[in-house]
Structure formats: structure tokens, C-alpha cells
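*Asks:* With the hints as extra help, turn the sequences into a complete structure.
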Amino acid sequence: MTDTLLQARGLSKHFGGLKAVDQVDLDIHTGEILGLLGPNGAGKTVFFNLISGVYRPTSGTVHFQGKRIDGLPSHRVAACGVGRTFQIVKPFASLTVLENVLVARGITRYGTFRRLWGPWQSKSETRAAMKILERVGMAELAERKAGLLPLGNLRRLEIARALVVGHQLILLDESFSGLRHEEISQLETLIRRIRDDGITVLLIEHNMRVTMGLCDRIVVLDHGRKIAQGKPQDIQENDLVIEAYLGSRGGRHAA
Amino acid sequence: MDAYLITIGTLIVIYAITVYGLNVIVGYAGQISLGHAAFFGIGAYASALLTTKAGLSFWEALPIVILLSGLIGIVLGLPSLRLREDFLAITTIGINFIVEALFLYVPYFGGALGIGGIPRVFLFGIKLKGMAFFLLCLSFLALVIFICWWFTRSWGGVACFALREEESAAASVGISPVRFKLLAFVIGTMMAGLGGALYAHYMRFISATDFSFPMSITFLSMIVLGGMGTLWGPLLGAVLLGILPELFRPIVDYRILFYTALLLVMIRFQPAGLLGEGSIVRKWLILKPAGGRP
Amino acid sequence: MLLEASGLHVAYGDVRAVNGVSFALEEGELVSIIGANGAGKTSILNGIMGIVPLREGQIRFQGEDLTPLPAYRRARAGIRIVPERARVFPRLSVYENLMTGVYGLKNKIDLPRRLDWLYGLFPILKERNRQPAATLSGGEQQQLAIARALVSDPKLLIVDEVSMGLMPKLVDQVFDLLARLNREQGLSILLVEQNAMASLAISRRAYVLETGVCVHSGPAAELMEDPKVKAVYLGH
Amino acid sequence: MQLFFEQLLNGIAMGSIYALVTLGLALVYGILRILHVAHAAVYTVGAYAGLFCYSYTGSLLLAFLGGMIFCSILGVAIERLVYYPLLKYPPYVPLIGSIAIMLSIEEICRLVAGPYILTFPATLPFPEFQLGGVTISSTLTAVYVITTVVLGLLWFISTKTELGLAMRATSQDIPIADAMGINSHAIVSIAFVIGSSIAAIAGILVGIYYNQVYPTMGTVPAYKTLALIVVGGLGSMPGAVIASMLLGVAETLLIGYADIPLPRDALAFIAMIAVLMWRSEGLMGSK
Amino acid sequence: TVKIGLLAPLTGFAAADGLSVLNSVQLAVERVNQDGGLLGRQVELVYYDDRADGKEAVALSRKLIQQDRVAGVVGGSYSTPSRAVAPIFEDEEIPFVAAYAVHPDVTTSGKYCFRNGFLGMVEGKSAGYVSVELLKAKKIALLTSDNDFGRTLAEGFKAYLGDQGKAAQIVFEQTYPFKEKDFKPYLSKVKETNPDLLFASGYYFQTGPIVQQARELGLDVQILGEEGADSPKFLEIAGASAEGFVIVTNLDRDDPRPVVQDFLKTFEQRYQIQPDMVGASAYDAFMIICDGIRRAGSTDGPAIQQAIAATKDYNGLTGVLKGFTDIGEVVKEVQVQIVKDGRFRHFGVVQDMTLITP
Ligand SMILES: Nc1ncnc2c1ncn2[C@@H]1O[C@H](COP(=O)(O)OP(=O)(O)OP(=O)(O)O)[C@@H](O)[C@H]1O
Ligand SMILES: Nc1ncnc2c1ncn2[C@@H]1O[C@H](COP(=O)(O)OP(=O)(O)OP(=O)(O)O)[C@@H](O)[C@H]1O
Ligand SMILES: [Mg+2]
Ligand SMILES: [Mg+2]
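Chains as they are written, first to last, in the numbering used here: chain A, 1 to 255; chain B, 256 to 549; chain C, 550 to 785; chain D, 786 to 1072; chain E, 1073 to 1430.
There's no promise every hint is true.
[Claimed, not checked] Mimicking DSS-like on lysine-lysine, the simulated pairs with C-alpha atoms at most 27 Å apart in a straight line are:
#: 1; chain 1: C; residue 1: K657; chain 2: D; residue 2: K945
#: 2; chain 1: A; residue 1: K145; chain 2: B; residue 2: K384
#: 3; chain 1: B; residue 1: K384; chain 2: E; residue 2: K1183
#: 4; chain 1: D; residue 1: K945; chain 2: C; residue 2: K675
It is worth saying that the hints were derived from the structure and are not from the lab.
Small disclaimer: the values here were computed from a predicted structure and weren't measured.
*Replies:* Printed below as a string of C-alpha cells:
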């Protein structure tokens, strides 16, 4: 079961003198939900960007299914089956929700010149896209323009897009923030189901109730360095984590 | 039909072909290009040189011209991969000025004298002039519109739309920004090259000033007025901006002022174009928002 | 009454986001608005601040009619907002962002002391003083937005999703801070927060919003006991 | 050596004039992100207005004042009537509007003042200098002095007053700037008043320097200044000044020492592309 | 009525020339109509604004031919549009007389195209003649406007010097771009080479500043210009510096013939500005067509063409036209004018047939 899907070794990203991510080793096992925690500015988003090819690491390597992917551009990483969401949501604003998902369905075609010329709004594609939208509970918004949706819906739209692309691994960057309780529960169920489908999940989340309940394992970053990893309960009691991240009252309000 | 009307019509159709190319670059892929006249000019000069100096016929030269335009489009489109949107806008203006300067100052391109004596187009041994040439241009326009229509319905097209909206999100679903920006540039500049070739063989005399920056702005105004990114907007814009100045002929002294003032008013009150979202035309026709286009 | 809003309507083109919401806030009160995704909370707050135009309705602040005034006049009357998704000025440095918070009124407050106080609350801001705000992490931007709204010592603070992106430790601190400012300095606060539990816990009163209409209102403690509110917003 | 010196002085003068025109553009670009091509038309109008005031009053001071006032009104009118309502559209929409304004103004100038070149037969009351065998004429002195004063004032405004901060905040997020108590619309108008006044100064200066005022005198600056604001780093005012000076000097020296076949306009753009390949954010721009 | 067409740049960068052309031709129309018109009919002028743009001119030429059915057309515009329309008039057999466009191709389109202005070669050679023979220059600097006209002028100038076997030598040569405004860098260099004559070609808005800036730099050399500088605006721009400046052109303001003096007087009275070479040439171009119609006795294209081609010793405003060559180039004397007391005055004339025959 400890089959390693993604392996980061000595991964670093420096901005000038600032070490946003510093010598991080991390393994993601196939089929787990791994939580990435850490204080604000710890380097979590930067770490995501390193894995997903937005940034090229200053040093270190990333292997995905045994294949080295660090330094590959985003679209190549995506083509390996890694889907992601953005902390600051990035919908294709003037397209409809359905079209947003359809765009992602093209993942298998964008790489080959010959397959680019078929029609993209075919019945079968639309049906498949609608299924995804139903899964994230947005089917009734399919025809709405994405740019005009409130934040909570955009978070789910991003997840839908990531789901289409990420048949191996999906990266969720604070996808629960801005959702109310009920919606959070729905999403939690969804993510468990995704995991049960065999897709691995790496998520960043400040909502402790979500991370504690959902994650199989947690890694904590601080100042770009990994300071702890382990089972949720262990993390919650780790002094370093409490000091840097949870606070003395254990994130009472954040629960 | 009146030769004068055919002249105006032919020029409008040639512009429309070129403007469809610009629509692919700006409207579909969201890459601002303010130097489209340069590619129009490259097509014109290439065809003129190939037919006058290399002795090819129009039809032999055409594939070479189109390929060459696309190729140069790729090379000059490279900055768009590196530069932020607003820098790109001005860089493309720069490309326009530089290309024009090359035409003007390189003796091989005829320098300030331009290139004259460009042969007419023959088809099946028949000399195409007047109406016949107009029809030829019209068929090319139909072809170009068909290609654009096909493109918007293809995966290649939707990849460009996505890039236009959010580059990093597009990359996260597997769309290579480099590949698709260049794809749009190639398609767009090839269409401009085609337009340029037709222009050269229609005017039969070209000089650098025909391809200067104001021409690029005219092209851009045509799409913006027609409706950026729409299928029929470029045609509407080309017809409108092609005909208006002619309608104003009688008011000789005030003609250009009327024209520019009208352009200003249209931009100010229909900034999304006549076929764009929320336009009066759309309200009249109660058109549904076009899928995938703004 | 410090703030009285009556019959607010906000719409974007054909989308009607807020349909006739009225509420009030007394001097020194901390009031929450809770509601689902897309209920129109952000629209109300932005409407009060003047960031989006009101279709209908009236806003009175300290007895003065704010409705016809542009946003900057409202701001100068002493209202500050922590907008949704922070919206810091990306190409201004952290320090310059803070300075926009006291635009036009530097003389009336003790700026160095206020800055020291804020730097104490959010040490990262001091550390990143010269860095452009765009390069801050999501949570850091949120801290900056809070600080920016507080440098000027406003009379009314409007907060939209204040905990978004903040780490647990800071969420605690920020809620404590809001509660303390309200209690000790009598700062009036209008709070919108997905984390309904946390916001109700520090609020005196609350309004519950559903698709642009106010469906409940009352003292926070009562709402926390309301079975329906509990089920939908608090998750018990 | 003397030739070099002479060329250098000319180059600096030309750079100063570029800088004056470019500054207004950089200012407007910095705030509204609009390529304000019509700025060059404002400059033309400035020259005409100055000439008009001068020929009626005979006073250069009034000429400058009149030009600045007239251009400020024109600039604010352009901003309020055209740019502000078009802000939420993609940048090429206001750009086309701007070019339409420029062409319209050119036409109006032609209709009102005639297509002929008018002369501006004034001498600026500045002293002449002898420097190492080179004469610095009074016009050159005037160009140097006026440019220095304008740059100094602008530098003061943008770094030492709150206005500068307000301008930059406005340039990034107008609604939020408003919510911080910044009257952003007024700020934008002030920027146009400043930019247009400088354009008027530049227009009058150029009119006197070359003794020509004509409807299309803005065409070349209109586009060349675009290259300059890019080289400077879009929206950066110190960058715009440095770029202008460098270009002015480079142009004169190139003409003086090499018989370059390319026209100057293309030269500016070639320099621009070279700079962008080296630093994609311009000389003083931020990423 | 008899309709005669005119294409001129009434707007855009060349608007000043266009207006001058239009004003002059309108005087010509009045003149002809006062004298009883043509073939017993009144003459009507149909004019369009081509903005000095080839595309517009092409459409307009079709309009003139098809909709207005003109008998002949005056080309009152620059080379680019004139070249673009010349083949069309040739095709449709309508006589076309270019007033001042300089590009050789304008007339090579065929026999229906004529030119009343000088070719660059002719004027360049004449300028060479003036420099060497009238101004006695030994060391000459050339500052050339970089367009088709400037370049052929320089060629003609050098060709003349070449023929003279190095009586004079060129010590400096440079071109400047069309839109140049600051000539100090060039003039500083000219000054270094210390010539005794500067031949500066270009339009008045170029030569005006050249002369002015030369004097400002302390470059006190004799300056020679050409017809581009033949404009009252030159005198205004250059101001006092203009004194002693010499040009080769086709209008002699001291020509005692009544055609010339009447025109000068009427023009200045009517338009409050002195006429220039461009206008005068267009006036003549119009008159040449009228003369052709009169002699042909018909408004039929081929007939007019033959009449114009047979023109001999026509008493024109820009001198006595000896006739047209086979390709349609005018043969007439080249005038030399000098600026004296702020006006162009007679200085000399180039009569050598080997120089003035294209
Ligand atoms: N482009 C950049 N230039 C300079 N510094 C940067 C850049 N991007 C990120 N940083 C810095 O790197 C650090 C890590 O940022 P990151 O976005 O990864 O934080 P995070 O862990 O995701 O925090 P949060 O929970 O607040 O989102 C931050 O301090 C940020 O200021
Ligand atoms: N700019 C806009 N254009 C069109 N519709 C909009 C716009 N902004 C918001 N809306 C719509 O208005 C409604 C209310 O949105 P609002 O952002 O006020 O909700 P909210 O309660 O703040 O939601 P959230 O909890 O997700 O922040 C939504 O249906 C949304 O789609
Ligand atoms: Mg983050
Ligand atoms: Mg909200």
C-alpha cells in the first residue's frame, strides 16, 4: 500500500534571499489523502507550484510515478494526470461553467496536433462534463457564465476541472475556504469518494476540522522547511506545530 | 456593376480576409497584436517579389507566400511568449514600424520606390480583372470564414479561448501556452499573408507606406467595431469601415473628421462591438450569447 | 444608530443579488451577517462601502445620508472595509498598502504607534515591509488587508470573510482582536464570515441571509440555539 | 572632440524634448493602463494654443500659461468623456478611441488653423553660453532649464506628496482605492491635468525650437513615445526620462558618426525590442 | 459641361500641398470659364481627396472615370498615388497630367500619362549646373531627403559633376529620413568638412529648418535647394536665415509675362498667401488639358491625348513649354531663384537643352 506516487527530494525554491521552500523531502503514497499544513507564508502554495510545474525548483527533484517531472512546464505535468486548483481562483471567466469543464476534457488532445481539429462541444463530451458537474453539485449552474459566480461555486468549479485532469493525483489549494459548513461536508464526501476511485489527493487546508477528519497523513511546513509529518492526531499534539501553526488554543475558532 | 463599387468591394473583401486573421490572434487567443499590417505587407511583398523577380505565377507563389507569412509570424510571434500583455502590444507596434522601415530602406524591396509591375492573376488562362477578381477574393474570404468557423468549434480553438481567459489555469489543464499562442499566430498571419498577396496583385504596385501602423489600427478597429472574437464581426467591421469613408466623400473637407469622430462615438458607445455582448444589434436580433465567445 | 440600511437592492445586469434587505447597527455593536454561498453578503457589504452601486435603498451613517455619496466620501466618514479575497494593491509594497489606509488623514492619528501595534499583531508585515503585495502568500495578503483597514482608527469596520486563508492560530488571534477592539475601544463591526460558529460567538446580533433576502435576525446567542440555523450553518 | 560635444548637447536637448512628451504618456499609462496616443494631439494643440496666445499678447509667459490651461481642459475632457467609461474593456478599445481622438484633433487643427505650417517666431529669454568653443544657444538653454524644472516638480509631486501614492493605488484597483478614501476619479483627472500641461510645454517648446507648428506635428511623437515608455518600464516615470535621454543622445550620435540607413522611428523601436529581450520588464519596470 | 478631374491630398500629412493645388486649379477653372469655356461649354472641376494614399487614389480614379466621366485628369498629388492610378487612366484612355509628382514610373505607364513637373534627374543636373557654373562651388556637401525624389536628385547632381570631369568635388554626402526635424547632427558634420556649397534637397518643412539651423550653428555656407523649398512657408520658417538661399524650380516670379503676374496677383489677393510651385504646376497641368481639348476639338480621350502630345511652345505659368517627349515628360527651362528681402527673386535660368531634356 505504501506505493510511492510522487517523490520530492531536497526540493527548494528561493526568491532572492527568501527561501520559500527549503530542502523539502516528501512522498505521496498512491491512494492516500495527504494534508499539507503550515503557517501563512510557510511555502505550501509555492510547493504546489513546484510540483505542478508553475515554478522551476531552485534545486531538488520531483519524481512522479518514477518519472522525473521537475522543471517540466505545467501543461506537461497536467498531461501526466495531475490536476490542481488555485488558491486564488482562476476560472475561464467568459466561458460558461460547462465550457470550463469541457476545456479540461481536452487534456488528451492538446498534446497531439492531429487530434486538435475535432469539434469540442460534441454530445458525448458534454455528457461526460455534465457528469462531473453533477458530482461537484453544480449541474444546475452549467449554463452560467463562470466569471459571475460567487466564490464558493468557483471553488467547486475548480475542483471539477482538476478532477477531469487529475486521474492520478489532484492538488487542492484551500478548496474548502469560503464554503459554509453544509457544503464542506458535501465536499468531504466527494473527496473521500475520489480517493476510493483510486485517485490520490494532496490538499492544503487551514480548516482543522476538515484536515483532521479527512487526511490519512499530514505534513507540516514552516518557513519552507518540513517540521513534522504523521497521523492527524500526532500532528495535533506536536509541540512545534502547536507553537507555529495551531496556536495555544488549538485553533478553537478554526474548528 | 460599376467599376468604382467593385474596387471598393474588392478592397473590403481583401481587408476582411486579413482581419479574420487578426481575429484569430486577438479575438480567439487574446494576444494583442497592433502590427497586423506588417504581416499583410509581408504577404504582399513576398508575392510581389516572387512574381516579378522570380517569375512565378500568382498561383505558384501563393502557397510559398502563405507558408512564409506563417513562418515569419512564428518568429515575430515569439515575443508574445515572453512578454506581458501591455509590453506585447507595443512590441507589435514596433514590429510594424521595423518591417515598414525594412521595406522602405532595403533596396531589394524597392526602397522608397516600392514595387511596380506586379502581374495580374490568371485563372485557367483567363485574366482576372474587375468582377472576376472580386469573385476570386470573395471565394478566398468564404474559405477563410469557414476555417475560422471550424477553428472555433475545434479543440484547438477552445484551447486558445482558455488561454485568453487565464493562462496559468489553461496550463493546468494541459494547454501549452507556447504551442497555442504560436498556433493562433500562424493561422492569423497566414490569413494576413493571403490578404496581402491578393492586395499586391490587385493594386499591382505596392510601397511600404501601404503597410504602416495606421493600417494595423484600421484592421483592429474593424474587429473591435464588428465584435471581437465573433464569427461575423470582422466582416461587418470591414464592410462598415470600408464603406463609411466613401459615403462621406461629398463633404470633402470634413470627411476625415466625420469618419474619425464617428469611429470614436461607436467605440465609446459600443465598445464590445456591434455583434459583441450587449450590443444594439444583438438586442435587435435577440441573439443568444455565442458559445465560447465573449 | 450608527448605521441604518433600509431596502437595499443590488443587481448585476439581470442578476439580482440583494432584494430589499434592511438592517441596523448601533454604535459599539458587533453584528454578523451569515448566509450561504451566493446569498448576497458580499454584495451588501460592497453596496454599503460604495464599491458596487445600489439599485435602491438608503444608507444612513451617524444620521447622515450616505446614499448619494461616492465610496471615498464614505471612507472619509470613517468606514473601512476588509474586502473579500483581500484585494491588496498588488504592485504597491506592504508599507505603501498600509499608507493607503490613512490616505488624507495622516495628521489626525498617531501613525507610528498604530503601525507598531499592527506590526506587533502581524509580524510578517514588518518583515515584508518593502515586498510588493502581489508576492505575498494568500494568508499574508489577508493579514495585510486587515491591517490596512485598521491603521486609520475607523468608526465602522466592515469585514468580509476575514478568516479566509488564515492559519488556525491567526484565526483565533483575529477573532480575539475583533472582539477586543469591539469591547475595549467600542469599534463597531459588521462581520461576514463563512465560519458562522466563530462569528456568532463574538457577535451581539446577527442577520441570516438567503438568496438576497433576510430570513432571520436576532441576538447572536438566540440564533445559535435556533435549530434551523444550527442545522444549516453550524453543523450540529 | 568639439563635434562630439556639439552632438552630445544636441542629443540631450532632443532627449529632453522626448522626455517632456513621454512623461505625460507614462503618467497616464501608469494610472489607467491606457496607451494614450492622443497625448501627442494634446501636444499639438498646446503648440497651437501657445502660438495663438503669443500672437495676441506677445507674451511668452501667457503663451505657456494659456497652452497649459487649454490642454488641461482638453486632457480632462478626453479622460472623462472617453477613457473613464471605457476602463473595463480590454486595452485595445481605449487605444482605438485614443487614435480616433488624435486623428480628429489633427483634423480640427487643420480646419481651424489651415493645413499650412505656421511659424512660431519667438525667442526664449535665456542666455547664450560659450563652452569650450561650442555655443549653447538660448533655445538650447531654455530646453535644458525648462526640462529640469518640470522634471524636478514632477519628481517632487510623485515621491514627496500623498498624491503619488494615491495615483499608484488608483492605477491598480479603482474601487478599492475609493474604499480607502481616495477620490480616484479626481486623482485621474489631476494626472491628466499634469500630463497635459507638460505636453503643452513640450508643444510650445518644440514649436519655438523648430519654428514650426502644424496639424500633424504629433504623428511622430505619438508612436515614438510608446517605444520610450516601454523601454523605461511601462508606467515608470524615471524610466521614461532615462529612456528618452538615452534615445535622444543615441540618435544624434548615430547620425553624427554612422550614416545609418534606418529612420529614427524604427531605431527607437529596434532599441525597444533589444531592451525587452534583455530585460523583459524594461529598464526600470517591475515584473 | 466638360468635366475635368483632380486628385489632391486635401487631408493628411500633405494637406498643405493639396490645398495649394486645389486653390490654383480653381483659379484656372475660373479663368477658362471667363474666357468662354471649352468647345462652347463650361468647364467643371471634379476633385477628390486622395490623402496621398495609393489605395484611395485607385478607387477614386475609377470613380472619376465611371461615375463622373471626366475628359482628363490633373494629378495634383504625390508620386505614390499618381503611380498607382497612372495604369488605370492608361487602360481607360483618359489623359492624365501629373503636376509635380516626380517618380519616373508615372509616365512610363503609357502614352496617356504626362508630367508637367521636372524629373529628378533633370532638376538634379540643373542643380549641379547652378552650383558649378553660377555659384562657382568647388567643395560641395549633399544633404539628401530620403525619398524617391531626393535620391534621384542626388543622382542627377552627381551625374552632372561626373560629366564635368571633377571641376568640383563632393566632400560630404548623407541622407536624412523624411520625417526628420532636427538637422543639427547632420549640419554639425557638414560644418566639419567645410564645404563652399551645401545642396540640401527636401520639402520646405525640411529645408526651412535646415537653413535656419545651419545659421544657428554658425554654418555660413551658400545653400542651394530645389523646388520642394519653393514655398512662402519656407521663407517664414527660415526667417532671416533664408536670405541668399538659392533654389532650382519651375516658377519664375519675376517673369514679366502677364500669365505669371496675373496669377501671382490674383492668388495672393484671393487666398492671402503667396502661391507656390506645387500650385503653379497644377495650374499648368489643368491648362495643358484644356489646351489639348481645345485643339482636339473634342472631349474624346484619344483625340485629347494626341493634341497634348503635340503641344508646342505653350505659354504656361511655369515657363514656355517646349513640348512633351515621347514618354510624356515636359521639356522647359529650369528656373533659378534666390531669396532677397524675404521673397524669391529671379537669379538665373538653365537653358542648356542637354540638361533639361529628360
Ligand atoms: N514570487 C514571489 N516573490 C517573492 N516572494 C514570494 C513569491 N511567491 C511567494 N513568495 C513568498 O514565499 C512565501 C511562501 O508563500 P506561499 O504562497 O507558498 O505560502 P503558503 O504557505 O501558501 O501560505 P498561505 O497559507 O498564506 O497561502 C511567502 O512568504 C511569500 O511572501
Ligand atoms: N460582478 C458580478 N456580476 C454578476 N453577478 C454577480 C457579480 N458578483 C456577484 N454576483 C452574483 O450575485 C449573487 C450574490 O453574490 P455575493 O458575492 O454577494 O454572495 P456571497 O453571499 O458573498 O457569497 P460567498 O459566500 O460565496 O462569498 C451571486 O448569485 C453572484 O452570482
Ligand atoms: Mg497558499
Ligand atoms: Mg462573499
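*Asks:* All the hints need checking, so say for each whether the structure fits it.
*Replies:* Consistency of the hints with the structure:
no., hint, verdict
1, C:K657 - D:K945, "holds, 19 Å"
2, A:K145 - B:K384, "violated, 49 Å"
3, B:K384 - E:K1183, "holds, 22 Å"
4, D:K945 - C:K675, "holds, 22 Å"
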